[in-house]
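**Student:** Protein chains in written order, with my numbering: chain A, 238 to 625; chain B, 6 to 235.
Because the hints were derived from the structure by calculation, they are not lab data.
Small disclaimer: the values here were computed from a predicted structure and weren't measured.
We put the beta carbon where it would ideally sit given N, CA and C, even for glycine.
Just to be clear, a hint being listed does not mean it is correct.
[Unchecked claim] Quick partial rundown of chain B residues pointing at chain A, CB under 8 Å, derived from the structure:
#1 P11
#2 I107
#3 L121
[Said to hold, decoys possible] For each label pair, taking beta carbons as the anchor points, the in silico distance ranges come out as:
#4 W592(A) to T29(B): 38 to 48 Å
#5 G142(B) to A624(A): 47 to 57 Å
#6 A624(A) to G26(B): 15 to 25 Å
#7 G95(B) to T251(A): 46 to 56 Å
#8 L596(A) to L125(B): 50 to 60 Å
#9 I555(A) to H212(B): 43 to 53 Å
#10 K593(A) to P31(B): 53 to 63 Å
#11 A624(A) to S139(B): 31 to 41 Å
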Amino acid sequence: MGIPYSYSFRNLWTRRLTTLLTASGMGLVVFVFAATLMLAEGLQQTLVATGSPDNVVVIRKSANSEVQSAVERGQASLLESAPEVAIGPDGNPLFAKELVVLINLKKRGSDSPANVVIRGVSAASLRLRPAIRLKEGRMPRPGSAEVVSGASIARRFKGGGMGETLRFGMRDWRVVGVLDAGATGFSSEIWGDSDQMMQAFRRQAYSSVIFRMRIPSEFEAFKARVESDPRLTVEAKRETRYYLDQSEAMSSFLRILGMVLTVVFSIGAVIGATITMYAAVANRIGEIGTLRALGFQRRSILSAFIMEALLLGLCGGILGVGAASFMQLITISTMNWQSFSELAFSFSLTFGILWKSLLFSLVMGLVGGMLPAVRAARMNIVTALRAS
Amino acid sequence: MEFSSPPIVAIRNLSKSYHRGNQTLPVLSNINCDIARGEFVALMGPSGSGKSTLLNLIAGIDSADQGSIQVGGIEITTLSESELARWRAGNVGFIFQFYNLIPVLTAYENVELPLLLTSLKRRERRDHVEAVLSVVGLSDRMDHYPSQLSGGQQQRVAIARAIVTDPEILVADEPTGDLDRVSAEEILQLMDRLVSGFGKTVIMVTHDPRAAEKAHIIRHLEKGELNDAP
């Protein structure tokens, strides 16, 4: 058995102010690390939750998003008659031809403009997304200049609230309902009748078609058939895959940004931990000499100081993750560069992020404590005892 | 000096120098000395005479330049560093001038430290620690931290720590140097009891003639050479 863990723990407790200050520095880095991962996770969850695995999105081949896509009316009709399309309880296909356009709206309060997705929808659009429900009002009547706003739009954009009027496409549009789309990207969209939108924006083609698979397991066969059909210049994706692809660039960017910031900050935190641990060793030279004289081996001294540094790192990790967990209360909105639209999402703390953050804090503690621990372990017994 | 049984410490032709830059400072030169089992030996001499160095060499925490040191029949100058550490844990008890207790551990935990290097179970360790704390008269202070104890009490805890593994030899470097006269007297009586009652061999470095008087034998070190008491 080596030096008891209580020795390391109590030494940290004895120097609690130094411990707290050093752990706070490390906690700050862990906070940045965890918060950026939580941000990327939140973004991904929001976009992935936007899709349903039974739904298929068809867009123009090589288009990355609905905004860049165009599906000709004739192609949309061909797809609508495909046998793979599920039929709804009303006898109509669960198939929606949708138009996606970006417009500029001013935010409430700041007046700063931001891109917002306008989605021209069909009758089946709402049914294809069971997670979305009408929170207030009603759906727009076909052929009318009416729209419904996602809850996030209603809250954050001027004219987006229930009963208010939005101006775009050289027309005024009355908001007749508010959609509750939970934590999905639809919360940041405005929906209206697709034919009205095509007229207003002078579009000849839809952006995408979305439908429910009659037998979801037949998706691969459908995809192969559609993508090899010379009349169709489209590609089909499961809706979940489509939104995952949408979030990839943004979440990768956030993760890389987070990593760069974390690496830079962590250098400072590791130096802080090293200074603290060197001070700990310098203050306890006599103790080290005594422990060695009593018969504890160099490796016991090494592991006692490494344990102390790991505990210091863990304290930082707990502080950082604790602070980052409060970020879950915050919803932020930012530009999704894949669709060029404003997207609101929350920080999301998962078990994976939790253990990665704590592991990261332990690694910082280990790196910071290694040199001082080696110094303590290499100390000459007589020299150390003379220092006491 | 003749011994009826082999000496517990047998030192032959022992030399030790310290190096400072290009300078070599001889500390001990050609020391020969035997210490019998169960003896209380005081090493005296002026500062820098090499008495602490000799004590450190006998205790296996310093290495000799040449010569032989046999303790309990084991030639310790040929042991590797980790073998020496294991040997110290089982065979030597240390008593320091400034007690050298670990401030963040209680009296009980300080005394238990050397037992963590043995294969004893927690229950057995507790029995040992309680027994030695009762020998030094501190059974009621086992949960106190060193800062909550007087100097004399701290030194008694240190003595309990030194004897908890039941080593044959106790090395004490100025054990009363930091104590008032009353506490110093108590500590010397306790050390004397360890020799007479428990058969320990005590080797004590001291400047204090009153402390040295308690010893059975006084050895003088001067300029690196060992002489019997005048």
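**Student:** For each hint, tell me whether it holds in the structure or not.
**Tutor:** Tested hints:
| no. | hint | in the structure |
| --- | --- | --- |
| 1 | P11 | 24 Å, violated |
| 2 | I107 | 6 Å, holds |
| 3 | L121 | 5 Å, holds |
| 4 | W592(A) to T29(B): 38 to 48 Å | 57 Å, violated |
| 5 | G142(B) to A624(A): 47 to 57 Å | 31 Å, violated |
| 6 | A624(A) to G26(B): 15 to 25 Å | 20 Å, holds |
| 7 | G95(B) to T251(A): 46 to 56 Å | 31 Å, violated |
| 8 | L596(A) to L125(B): 50 to 60 Å | 36 Å, violated |
| 9 | I555(A) to H212(B): 43 to 53 Å | 51 Å, holds |
| 10 | K593(A) to P31(B): 53 to 63 Å | 59 Å, holds |
| 11 | A624(A) to S139(B): 31 to 41 Å | 33 Å, holds |
Hints 1, 4, 5, 7, 8, counting from the list given before, are not met by this structure.
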